[in-house]
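Chemist: Those protein sequences? They're chains A and B, same order as listed.
Residue 1 is where the first sequence starts when you use the numbering used here, and the numbers rise one by one after that.
Residue 1 is where the second sequence starts when you use the numbering used here, and the numbers rise one by one after that.
A few of these clues could be false.
Identical chains share a label here; the pair holds if one copy fits it or two copies do between them.
What the hints assert, rightly or not - Straight line, CA to CA, 30 Å or less: simulated DSS-like cross-link-like pairs of lysine-lysine:
id	residue 1	residue 2
1	K110	K54
2	K152	K113
3	K149	K87
4	K174	K82
5	K89	K152
6	K171	K89
7	K152	K7
Bear in mind the hints are in silico, worked out from the structure with no lab data behind them.
Remember, predicted model here, so these are calculated numbers, not experimental data.
Protein chains: 2
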Amino acid sequence: MDSLREKIGFPYTQMPTDFMTYGVGGLADTASLCGAINGAAAAMTLVLGKDDWKKIVKELVNWYTKTPFPSDISNQYAKDHKFLVEKYKSDKVFVSSVSRSTLCHVSVTKWCKASGYASGSDERSERCGRLTADVAAQAVVLLNQFADKNFKAVTASPASAECVPCHSLGKDYKLGQYTRGEEDCVLCHTPHEIKK
Amino acid sequence: MDSLREKIGFPYTQMPTDFMTYGVGGLADTASLCGAINGAAAAMTLVLGKDDWKKIVKELVNWYTKTPFPSDISNQYAKDHKFLVEKYKSDKVFVSSVSRSTLCHVSVTKWCKASGYASGSDERSERCGRLTADVAAQAVVLLNQFADKNFKAVTASPASAECVPCHSLGKDYKLGQYTRGEEDCVLCHTPHEIKK
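In isolation and in its complexed conformation, chain A is listed as follows (with noise of 0.2 Å):
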């Protein structure tokens, strides 16, 4: 928003922005949805318009969903101190995590069980601000494209290929369309045989 700000000016100059530190913590410090994710829609939403939005952040969730954070280039940067950022809360190179999750509390968990940091450590709050930079510039690279014309969607949400046959949004109660969803199914279910 900074750089539209900039670069563009008129509207972003009047476009509030501080009130989207709600998302902060997985949405006021509840660990429910990543507030890069948050963040970066409601910005790439604004840019978009309501015809061409959809795709292009469900493009983003599923990307992230699937990259390891933080990625080299935000941990070269945090190493070389080239973030806009006068102080760190630590500059080392970090071992990196794919979540599968769009969640917050599995994001952490997964990074502080890879890492060994714990959850309240500076090095955990330093990865999340990484992952953030991450998040923001592939942001920009997908408005990019869209800009260019040549964005396509390439990602698949991590939902298992053979939960969503029979379980997600559609009409088809007995099937198993009593349930809608693009997490990953087995993060929390146990899988069951399929009667064919």
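The hints should help you fit chain B onto chain A, whose structure is shown.
Modeler: Below, chain B without anything else, positioned relative to chain A:
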């Protein structure tokens, strides 16, 4: 937001809100965070400002996880065609369900199972409309409590009291603080014996 524009005017008349449609279907139809929470939290934070928003938004989130939706009031409004819409996907009185989660996936699944309606049915879609009305109304209740200086956080998160002492945001990895979260732990996790 429409009420703020009508009753207060500037600066709310300057604020675009169409972009918040990205929250639809749990964010771009991915069934992650319920869009009713996302939209209400955005409006509340915009009004409350940076010093006061968090505890009040968090109260809304926790209230959401424990409230039966749709409420009796919104069922009655739909039955009597008193909502500000011209067409109803259904004007039947629905059964209600409590989600114990902020997630569209969980909220929709629990209601489909309670009601017997499929996730892609008009009734499910109408149910989410009524839920959104209920959440918007509660956001106004909480904002008015704050304005009247009698806001008090009264709802705990649905996280299990047994889990939180070890598995929460903190600096002690070995104790179990490699995670953060305020959803209902046992929705996805199997409880283990606690070592004393």
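Chemist: Next step is simple, just say for each hint if it's right about the structure.
Modeler: So, going through the hints one by one against the coordinates:
1. Proximity of K110 to K54 under the C-alpha cut-off of 30 Å is found in both arrangements, the shortest distances being 28 Å within a copy and 26 Å between copies.
2. In the homo-oligomer, the alpha carbons of K152 and K113 never lie at most 30 Å apart, since the shortest distance is 34 Å inside one protomer and 36 Å across protomers.
3. When the C-alpha separation of K149 and K87 is checked against a cutoff of 30 Å, the pair qualifies neither within a copy, at 38 Å, nor between copies, at 37 Å.
4. For the homomeric pair K174 and K82, neither the shortest alpha-carbon distance inside one copy (55 Å) nor that between copies (33 Å) is at most 30 Å.
5. Proximity of K89 and K152 under a CA criterion of 30 Å is satisfied in neither setting, with 37 Å inside one chain copy and 34 Å between copies.
6. Only between protomers do K171 and K89 lie at most 30 Å apart by alpha-carbon distance; the minimum there is 14 Å, versus 50 Å within a single protomer.
7. For a Cα distance limit of 30 Å, the shortest separation of K152 from K7 inside one copy, 25 Å, qualifies, whereas the shortest one across copies, 43 Å, does not.
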